[in-house]
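Chains as they are written, first to last, in our numbering: chain A, 1 to 273; chain B, 1001 to 1157.
Worth flagging that the hints you see were computed from the coordinates, not collected in a lab.
Among the hints, erroneous ones may be present.
These stretches of chain B come out as covered by chain A in the derived footprint (C-beta under 8 Å, 3 or more residues) [unchecked claim]: (1) 1022-1031; (2) 1100-1107.
If the Cβ cut is set under 8 Å, some of the chain A residues that face chain B in the computed set are [claimed, not checked]: (3) C249; (4) W252; (5) Y253.
Beta carbons are placed, not taken as given, at the ideal position from N, Cα and C, and that holds for glycine.
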Amino acid sequence: MNGTHHTNLNLDGIGLLPQLVLILPFAIGLLIYVLTVIISNRKYKKWSFFRMGYWLTGSICAISSITGPLAELSHSSFEAHMFSHLLLGMLAPLLMVLAAPLTLLMRALNVNIARRLSRLLRSRLVSFLTNPIIAAILNIGGLWILYTSNLYSMMHHNISLYIFIHLHVFIAGFLFTSSMIYIDPTPHRKSYIYRSSVLIITLAAHGILSKFIYANPPNGVSISQAEMGAKIMYYGGDVIDIVIIFILCLKWYQSTKPRLYSPLRTAYAEYPQ
Amino acid sequence: MTSDNMINNNNTISRSKNLWSGFLFGLGLAAFIDEMVFHQLLRWHHFYDKSTTDIGLVSDGLFHAFSWFATIGSLFMFADLRRRQSVLMTRWVGGVLLGAGVFQLYDGIIQHKLMRIHQIRYVENVVPYDLVWNIIAIIMIVLGGLLVFRTRKEYIT
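Given the sequences, and given the hints that come with them, work out the whole structure.
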């Protein structure tokens, strides 16, 4: 089957169902977020307008990648597919992590449930999943499997596979981003060096995979489409990763803020003249 | 005596921090110029070359990722030095030259020639390009090394 034909039957074949299934979690997420902001604003000072904006924009990014014209185009064009995957797997997770959903939830829930939630966050499973290395493997490892096996072409013919892969891309992206930058309460913290190293290796694996796709198009993708798609993946990934790197470094900068006098200055001041 | 040691200790730390911040920034800067000027503006470098070896792909990926991180991280390190009033500008500049030179030499010899990720320019005779490229790299390393050596005992006043 060739790139342009196998896809036409798909969207019609897949129809509305997978689109609805994929929209649902994001629509519910948006609704819960807005409701929680309303509840939280009654109890505490007003929730940040920016954070609300992040969540809204993140949800729109995710939804536009799984339904509407971009999603439709993604079935026949690998470039569009790559662009929509950047939205779903990188930009939407980043924006939604910045929206601090757990912090918001903790403010709105009553104490008992909030405690239970925080116990869940401290559990071993969550600790495992939000370990930067595990999150990175889920994230980039998943992409390697998707694009270097038959999975990519199979995805367009199998509804449940299609839904599973898209959910995985988003969830893995969210886990990875939240394992890198700590916006929400994070019980299992890793050092800056540890997170930076994992981030660099992950970003490298992402770049290597893009160039691999450039040279070895996935099944059913034409060479020119693979070349363009690979570049979108490479440079698009860079742009979003710069934001993650910047926030990680900014947090380091804030955390090492010297006290009023640096030790050196104090040492000089104490030094007998 | 303890204050003396403390000052010495702090000066050693500042010297090393200035050197590292400069080195990483130089590395990132060279990689950034490589990407901006030679890949995007001149379009001499290719995104991918059919003769690229696998190890070349991995090396390119790691260096690309590391240089992005280094550019941003080193500037935050520099900001940290500034707020602690411990910038040693000459040493920092020496670090920048050293970092940029090391990256360019690695890129020019190991990545372009041995791993064949891509050539500087796709022309019949690439030798002059390679020569200019690597000689500039060596000049930067020598200059940077000189500055770093001369500031090895510099302290914050």
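Evaluation of the provided hints:
1. 1022-1031: violated (count 0)
2. 1100-1107: As far as the segment 1100-1107 of chain B goes, the hint is violated, because 0 residues have Cβ atoms under 8 Å from chain A.
3. C249: Holds - the Cβ of C249 of chain A comes within 8 Å of chain B, reaching about 4 Å at its closest.
4. W252: Hint holds; W252 of chain A Cβ to chain B Cβ min 7 Å, cut 8 Å.
5. Y253: Holds - the Cβ of Y253 of chain A comes within 8 Å of chain B, reaching about 5 Å at its closest.
When each numbered hint is compared with the structure, violations occur for hints 1 and 2.
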